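Quick note, the sequences are listed as chains P, A and Y, same order. Start counting the first sequence at 2; every next residue gets the next number (the working numbering). Start counting the second sequence at 114; every next residue gets the next number (the working numbering). Start counting the third sequence at -12; every next residue gets the next number (the working numbering).
Among these hints, one or two may not hold up.
[Unchecked claim] Some chain Y residues judged to face chain P by a derived CB distance under 10 Å, without partners named:
no., residue
1, Q49
2, V71
3, R179
4, G215
5, V216
6, V223
7, G317
8, D394
9, G398
10, C403
[What the hints assert, rightly or not] Covered stretches of chain A, as calculated for chain Y (at least 3 residues, CB under 8 Å):
no., stretch
11, 170 to 177
12, 249 to 258
13, 351 to 358
14, 391 to 400
Hint data in this document are derived by calculation from the structure and do not stem from the laboratory. Here the structure is a predicted model, which means the values were calculated and not measured. Think of the CB as a built atom: it goes at the ideal place given N, C-alpha and C, for glycine as much as any other residue.
For reference, the chains in residue letters:
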Amino acid sequence: MFDDVIFWSLAMLAVAAGVMVFRFDSMARATYALLLSLLCVGGEVLLLGLDYLGVVIVLMMTIEMAIMAVFMVMYMMNPAGLMPMTMIHNKRGAAVICAVVFAALAAGILLTPWPARRGRASADPTMDLGMSLMGPQMLTMMTLGLALFATIVVTVVLATRRGRYDRFGDDLKARTADDPVRGGVGR
Amino acid sequence: MPENAPVWAIVVLPVALAVAAVVTAGFDAVLSGAAGRGHAGGIRRAGRRAATPVREALRLLVQQPRRTTAADRLLGRLGVVLVPVAAVLAGAVLPWGFRAVSDPSVGVVWFNAMEALAWAAVWLAGWGPNSALSLISGYRFLAQGLAYELPHMFALTTAALGAESLRVGDVVAAQEGVWFVVWMPVAFAAYLLSALAMAFWGPFAHPLARDAAGGAAAELAGVDRLVFLGGRWLLLVVTAGFSVPLFLGGGHGPLLPGWAWTLLKTAAVLALLVILRRALPVLRMERYMEAAWMVLVPLTLLQALFVAVVVLNR
Amino acid sequence: MDLRAFLRRTAMSRPAVLVVTLPGATRLRLEVEAELRRREWPVVGAPAAADLLVVCGDPAAQGAWPEWLDDIERSMPEPAARAVMGESARVGGALDAGRGEVTGRAVAPRGDGGRHEDRAAPSGDGHHRPADHAEHMDHAEHMDHHASHMDHQDHSPGGHMDHTGHMDHAGHDMHAMADIAGLPMAERADDRDELRLDRLHVPIGPGLTDWPTGLILRLALQGDVVQGVEVDHLPVPPAHRPPFWDEPWLRAARGEEVTRGGAARRRCAAHLDSAGRLLAVVGWDDVAAPFRRLRDELLAGASRTEVAGEVHRTVRRVGRSRVLRWSIAGLGRLPADTARAAGVSGPALAATGDAYDRLLMWLGEIERGLEVLDDTRPLAPDDRTGPRGRLDGPRPPSQALLDVLPDLLTGVEFACARIVVASLDPDLDELALAPVTGAAHA
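In isolation and in its complexed conformation, chain P is listed as follows (with noise of 0.2 Å):
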């Protein structure tokens, strides 16, 4: 009963702070209401029993949310959303394609025929949860990740304009680099 007042809640909170993202006119409200959604859903896998990803989710969410406000709002330096603008683009192609998702998602819940619980829940969901998800693939999983990482090393080694030549010259023999900033470790 309690905890599906904490659902119910949990989830109408997010479907409101979801809806919130698209009729504030702040990209730094928005930003924070799709935060708030979030941490709503994260609550959500906490009440089934997955601490560990529900924590994670919060965790990560707020980290994520944060960074991402800045580059949306970096350099535009209004402060306070001091320029409003809207958070809508496309209305009529993007209410068609949510329509459509939405009616696909719900159909589907309702109607797939989920199976009836065999067996007693497990103590450590988190655990069984990644077992099956990676257990048996760990080898691919670790591929996974190392090519997901390289690719992000790789996409900002490549958009970044200045290279070591321009940083130490020609001949790459300057004893400190030509940057805007100097960091801290004297490279």
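Since the structure of chain P is provided, determine the placement of chains A and Y on it from the hints.
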């Protein structure tokens, strides 16, 4: 095995943290007073300096909060309130002796998640008042977050790895013999550094620095200012206090009961931080960022590797 | 007296003070700082944190009453008061009167319809004089309204989409609007990676703490990167006395009797003041505070034996700090030939390096100055090298320091810009110097 504290501990926790914060701030005020105005030369004067935080709090309560033109008050307020709230929520997994208000199976991650709320809080507080300098300072904290968070996470991970559990109680239990600080000194040092950074205090006070007229707090007055700056002291107490169960053996120690050891060790860590802070200027993030990523991250990773190898072989 | 009034009175027994100094009032500033330290009143750096605004100097000498002072006062939270230290005011009495006003207001707050409300409603009154809206911002920049919040100039939705891809302005009619709530918006310009991003015009000074008195920098900021600098300053009224820090040399030039010890004392105090500011900006209050205390002791006539020990100790502490060196080395590099070409003389030229070298140069001169503190021989009348450089040059030394600022500040980050300014520490009182030197020559 640690157990959960009684329900009334929920009420006691914020009060205890606040008292600890006032005492720490008082100690800091005495040391600052000695540097700025010469030695107190007398218990009475030292006592008056130690009471500075209380007097300041009273002054801020009398001062009225103010609003700035075209401010985003909702977000600004949220940022201000979030700082003490995050500190108290993080404090919920802090064991007092061997009991915490709550000891969830993922306590270490919970602690980190609550600290991460400070990321949002400081940026929001800087963004809210619609002022260029406080906005710049809000951004500064995010840069600081990017610099300290990875070494911090690796330090937390190392301690959890040593105990093979994310439960704070298990981490404490695993240190019954040897404290983690003995075989994880790098992780401990990285943790202390990031604890200061997280509380944006001392050498990591750049987001509130004087050069930006008080930074993210530049536009806060009255009770807003009290909540924000007071929350910062709470964060400092909680992050410093958490190093005790993580690395300093929690309540373990001879003769004295667990709660007394926790208290002693926490006081020692706080005193160390307050004293060491005097030796350092504020670190600017463009310098610290590179040092953190080029030096601290590899060091903490090596530390984690060492601990992992030890754990696998025992 | 009821409890509430008692608490309010107690709370404001040590009001937080924001000190704003006008050009020509260095002596007053030093007196006020010493007095505040003696009283242990908190000194704050922003109007929002202050209860009492202390103005050192005579605002009327600025020509028109400076509106920015009113803005600062308006942006202070209730209870707030202002204490103006006129040229001859007794500092202690003025501070007491200021505190009296603050406690009075705290005990009997003005009605809800007071200042507080009218500044809270941004456009309720319909008139949009920028000053009315600016209070809030300025605090930080303490200076002019227009600027602080900047804006957007290019409001075309297309422009915005280029940069963010997915958002456009609510109601595309926005671009007709030059400002919001009376505040100008940011414009856009290329950043250092040639991305077109918002650029905000922020004036900083003259109400900042640890900032050269009267200096105003009009910055164009992208993020916290300074993309453009315009150097400006408050009007420096022609003074009837020579600039405080240059006084011994100018008096000697005029033929008055000045001892070498007296001049060395002033030079040490000037460098302690500058170094104290720089260290405060760097965020190392623990050494900045003793520097200021020692400065005041020196000026009060402390003998060499009284101060030398602590000066050497503190100077050594600063000189030995690797973290400080790591933190500010490389900022504001000013090679000797650039400096000489700009007319810089004194420590900034001799240091031929960055902010850290200039700090070391100050520290070195302080230690050397202590050696001759008790020298009673008269200062040679042709010794015109003041704390900031040669006073007999074509221009006052601080003018040269101001001239090199734009080059040093462009492209650096805000925090570095503050450090660079503090490491040069121009003394704007010297700008009124030209006629005085002329007289001396005559």
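Each hint, compared with the structure:
1. Q49: violated, 30 Å
2. V71: violated, 32 Å
3. R179: holds, 6 Å
4. G215: violated, 14 Å
5. V216: It is violated, given that the least Cβ distance between V216 (chain Y) and chain P is near 16 Å, above 10 Å.
6. V223: Violated, because the Cβ-Cβ distance from V223 (chain Y) to chain P comes to roughly 32 Å (cut-off 10 Å).
7. G317: holds, 5 Å
8. D394: violated, 15 Å
9. G398: Given a least distance of 6 Å, the restraint on G398 (chain Y) holds.
10. C403: Constraint on C403 (chain Y) satisfied, holds at 8 Å.
11. 170 to 177: Holds: 6 residues of the stretch 170 to 177 of chain A have a Cβ under 8 Å from chain Y.
12. 249 to 258: With 3 residues closer than 8 Å to chain Y, the stretch 249 to 258 of chain A meets the three-residue bar; holds.
13. 351 to 358: violated (count 0)
14. 391 to 400: Holds, because 9 residues of the stretch 391 to 400 of chain A bring their Cβ atoms closer than 8 Å to Cβ atoms of chain Y.
Violated hints, in rising order: 1, 2, 4, 5, 6, 8, 13; the structure is consistent with all others.
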